[in-house]
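Trainee: One line per chain: the protein sequences are C and S, in this order.
Here my numbering is used: position 248 in the first sequence is 248, and no number is missing along the way.
Here my numbering is used: position 78 in the second sequence is 78, and no number is missing along the way.
What the hints contain is simulated information worked out from the structure, not anything from laboratory work.
C-beta: ideal position from N, C-alpha, C; glycine also.
A portion of the hints provided could be inaccurate.
Unchecked claim - Stretch by stretch, here's where chain C covers chain S in the computed footprint (C-beta under 8 angstroms, at least three residues):
| id | region |
| --- | --- |
| 1 | 8-16 |
| 2 | 36-44 |
| 3 | 51-59 |
| 4 | 87-96 |
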Amino acid sequence: MATLREIRTRISSIHSTQQITKAMKMVAAAKMRKAQDSILAIRPYAYKLRDLIADLTATVSENSGVPLMEGRPVEKTLFVVIAADRGLCGAFNSNIFRSLLDRLKNHQQDEYAIYTVGRKSYDFFRKRNYPIEDHKINFFNWLDFQDAVEISRNLVSLYKSKKYDRIEIVYNEFKSAISQLVISEQFLPFKPDEESEQDKSQVDFIYEPDKKTILNEVIPKNLNIQIWRMLLESNAAEQAARMTAMENATTNAQEIVDKLTIFYNRSRQATITTEITEIVSGAEALKE
Amino acid sequence: MTDLRVEIVTPFGIAYQADVESCHIPGALGQFQVLKNHAAMLSLLSIGSIKIIEKTGSIKYLATSGGFCEIDKNEIRIIVESAELSDTINVDRAKEARERAEKRLQQKMDEVDIDRAQLALARALNRLKVAKFR
């Protein structure tokens with residue numbers, strides 16, 4: 001049986017762990033808030049850009065001359081995995097790895113490569129010797145639009161160099177504070193959004209310069225914003241997952257503290273009882 | 001009569017939104033001014049400054065790093081990756097960016113990097129230029 005002092009140390013150590021998890025939960029909640037606000041802020045821009053592309057693709061007859069929209073037979077696929085830089089966020093990272101590993105089962109080793117975003121995904125796939133094209137790590141803490149631009153530019157040049165014929169992105173979507181969803185989206189070749197493709201009553205627009213040049217400019221811009229959106233979604237989802245995980249950890253710690261406190265009191269009581277019995281029996285013995 | 005309305009949208013939210021007198025836009029084929037009842041138009045924007053003459057007569061300048069603008073039915077929608085009002089530009093940061101870009105241009109690099117550095121330099125110079133119109 002543990003001595004009283006040991007139990008006391010244990011309780012206070014669990015208590016300080018609990019304080020850490022509590023603080024981490026608060027921090028995650030604040031960061032999630034911030035990430036959510038950024039997601040809301042890009043919406044008007046993203047929608048306008050999408051409408052613009054829908055208008056342009058509806059009126060440009062063929063897609064030739066728009067390299068990013070031309071598909072080709074797929075020989076090699078690049079999978080981009082967006083995970084977190086840090087752990088302690090529940091199943092957030094492992095969910096996304098598992099989903100990608102499932103997908104990869106259907107592919108030969110030489111048919112794909114992985115582009116890892118976030119330190120956790122880089123470590124995971126590197127340790128298991130998966131082919132890694134490139135990685136971007138340790139930036140989620142200071143997430144900036146330029147990060148998205150950099151990733152998007154790399155992906156576009158990889159696609160244009162014909163090293164890969166298809167680029168797909170796997171990331172966690174932020175559904176709500178308690179649920180995240182692993183999503184996989186085709187990034188290149190570029191497909192305009194199906195929903196928004198209804199034809200607006202076409203006014204005679206003046207195009208300056210011509211439509212194709214505009215389209216070739218607008219698509220990379222749209223890719224930037226898509227990556228930015230995914231990074232923000234993933235970041236918000238990560239913080240949400242961490243918040244839940246830390247909430248659970250705090251509750252669990254409280255449970256252990258409660259149990260240990262009861263145990264501590266009980267053993268203390270037992271010790272006192274034993275001591276009294278000893279004293280009483282000692283006194284009895286003296287009487288005789 | 002409806003008014004001429006300007007809306008500048010960036011990935012970080014709406015940078016400017018108001019009814020205005022007129023608006024100068026740095027089009028890819030040259031600067032142009034939009035007044036009320038302008039023809040419907042879609043134009044690429046280059047790096048430059050957007051000059052807005054407000055209803056009150058005061059003039060606002062914004063530095064932009066390029067994008068698009070759509071003009072339709074007295075509404076100007078400017079869709080750009082960045083737009084900063086002249087009095088919110090961080091001059092020190094722009095100066096740093098200029099120095100960085102200049103330094104990189106002096107080193108020997110492949111073509112892509114040169115393009116990038118030149119664009120970065122153009123953006124920084126543009127910011128500094130617009131920042132003078134306070």
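Trainee: Taking each numbered hint in turn, which are not upheld by the structure, reported in ascending numerical order?
Mentor: Of the numbered hints given earlier, those the structure breaks are 3 and 4, listed in rising order.
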